[in-house]
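Here the protein sequences come in this chain order: S and H. The first sequence begins at 1 in the numbering used here and counts up by one. The second sequence begins at 1001 in the numbering used here and counts up by one.
Simulated from the structure, these hints should not be mistaken for lab results. It is possible that part of the hints are untrue.
Examples of chain S residues lying across from chain H (beta carbon under 8 Å, computed) [claimed, not checked]:
no.	residue
1	M1
2	N35
3	E37
4	N47
5	L48
6	R65
7	F68
8	L72
9	L73
10	N76
11	G77
12	V78
All residues carry an ideal CB built from backbone N, CA and C; glycine is no exception.
There are 2 protein chains.
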Amino acid sequence: MQKGFTLWFTGLSGAGKTTVSQMVAKMIREKYNRNVEILDGDVVRTNLSKGLGFSKEDRDTNILRIAFVASLLTRNGVATITAAISPYRNIRSRAREMIGNFVEIYVDCPLEVCEKRDVKGLYARARAGEIKAFTGIDDPYEPPENPEVSIKTHEESPEECAGKVINKLIEMGYLTDNN
Amino acid sequence: MQKGFTLWFTGLSGAGKTTVSQMVAKMIREKYNRNVEILDGDVVRTNLSKGLGFSKEDRDTNILRIAFVASLLTRNGVATITAAISPYRNIRSRAREMIGNFVEIYVDCPLEVCEKRDVKGLYARARAGEIKAFTGIDDPYEPPENPEVSIKTHEESPEECAGKVINKLIEMGYLTDNN
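Just chain S, same shape as in the assembly:
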């Protein structure tokens, strides 16, 4: 069995988690010939967390469910990617403990840039008060203190960011050229 691991992307809405994680997944599939399972935040909310809202407690429950599923996949040798905002440090720590082979990727992009991109129009709605408890606006984002990888999507291209993640996976022994 191959060595399973979870790449845990964390960062503000619009920081580039999805873009970079999809590029990383493509590289792992094509260059290392491995299956990759992306636990998309929206898909997980539909399938595991219907009925949960965005209170601190509900967000924590949602993240712990993602972590539980990621832990099952990881211990069965799957290259797993999660890309939820996961704003709270202590819940990310619990995810790290549950999963073990955990690689935290901090998608570090200033709020102003994320808000300017506003791909889904969510920041405008949050500023207008239509969405409550929106991370970065009226709910906190706690940056990782010791992430395995930090990427700055406002300074580096998606390819560069993805390359950094791949290099870290090689360095940590999760990917080898013989796979």
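With the hints as your guide, set chain H onto chain S.
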């Protein structure tokens, strides 16, 4: 990647789902050198379905969450086992559709025998009215119409039952001696 599949055990409380599924898991691990992930009903309720009760709707939601996780594991090549009562036929059909490589095991044991065993003391509590909507007592169990395997735990030993399951997996091409 090896061929993933889900062994979906269904049957009354006390029918022998856990006993037989654990024996099957042991055989797959030892004789076929494969990882096996058992999605235990209680562990799943704790990690994915906290807050859900035992109404028809909540039971269905719980089973669909198990099916979602089993589908992720299965498509990543994992030998997956679920052993929840899963009393309703239409939800098991949806699980079959979601998972694809689905092997339904009907653990067929008469209610009287299950109730006599009453390992967890649940039937006594259900008869006393302390547990409501208990499958087989005041909530229906709908037997599978075309399960891949039927086992009768009141007539066959656990080893015989497990052997039938393994033989079916070989017949269906999910296990091969060269694995």
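(request) Identify whether the interface hint at S/N76 stands, where standing means a beta carbon of chain H within less than 8 Å of its own. (result) For S/N76, the interface hint holds, since the closest Cβ of chain H sits about 5 Å away, which is under 8 Å.
(request) Hold the hint about S/L73 up to the distance rule: shortest CB distance to chain H must be less than 8 Å. (result) The hint holds - S/L73 has a Cβ within 8 Å of chain H, the shortest such distance being about 6 Å.
(request) Mind checking the CB of S/N35 against every CB in chain H and telling me if the closest is under 8 Å? (result) Because about 5 Å separates S/N35 from the closest Cβ in chain H, which is inside the 8 Å limit, the hint holds.
(message) Less than 8 Å between beta-carbons is the criterion; does S/L72 satisfy it with respect to chain H?
(response) 6 Å, holds
(message) Under 8 Å is the threshold here; is the Cβ of S/G77 close enough to any Cβ of chain H for the hint to stand?
(response) Cβ of S/G77 sits 7 Å from chain H, so the hint holds.
(request) Verify the interface restraint on S/F68: the C-beta must sit less than 8 Å from at least one C-beta of chain H. (result) 4 Å, holds
(request) Classify the hint on S/L48 as holds or violated, based on whether any CB of chain H lies nearer than 8 Å to its CB. (result) 6 Å, holds
(request) With a cut-off of 8 Å on the beta carbons, see whether S/V78 makes it to chain H. (result) 5 Å, holds
(request) Hold the hint about S/E37 up to the distance rule: shortest CB distance to chain H must be less than 8 Å. (result) It holds, given that the least Cβ distance between S/E37 and chain H is near 6 Å, below 8 Å.
(request) Grab the minimum C-beta distance from S/R65 to chain H and call the hint holds if it beats 8 Å, violated otherwise. (result) At 6 Å from the nearest chain H Cβ, S/R65 passes the 8 Å test, so the hint holds.
(message) Would the hint on S/N47 be counted as holding, given a Cβ-Cβ threshold of 8 Å to chain H?
(response) This interface hint holds because 4 Å falls under the 8 Å limit.
(request) Let me know if the C-beta of S/M1 comes in closer than 8 Å to any C-beta of chain H, holds or violated. (result) This interface hint holds because 6 Å falls under the 8 Å limit.
The structure meets every hint from the earlier list without exception.
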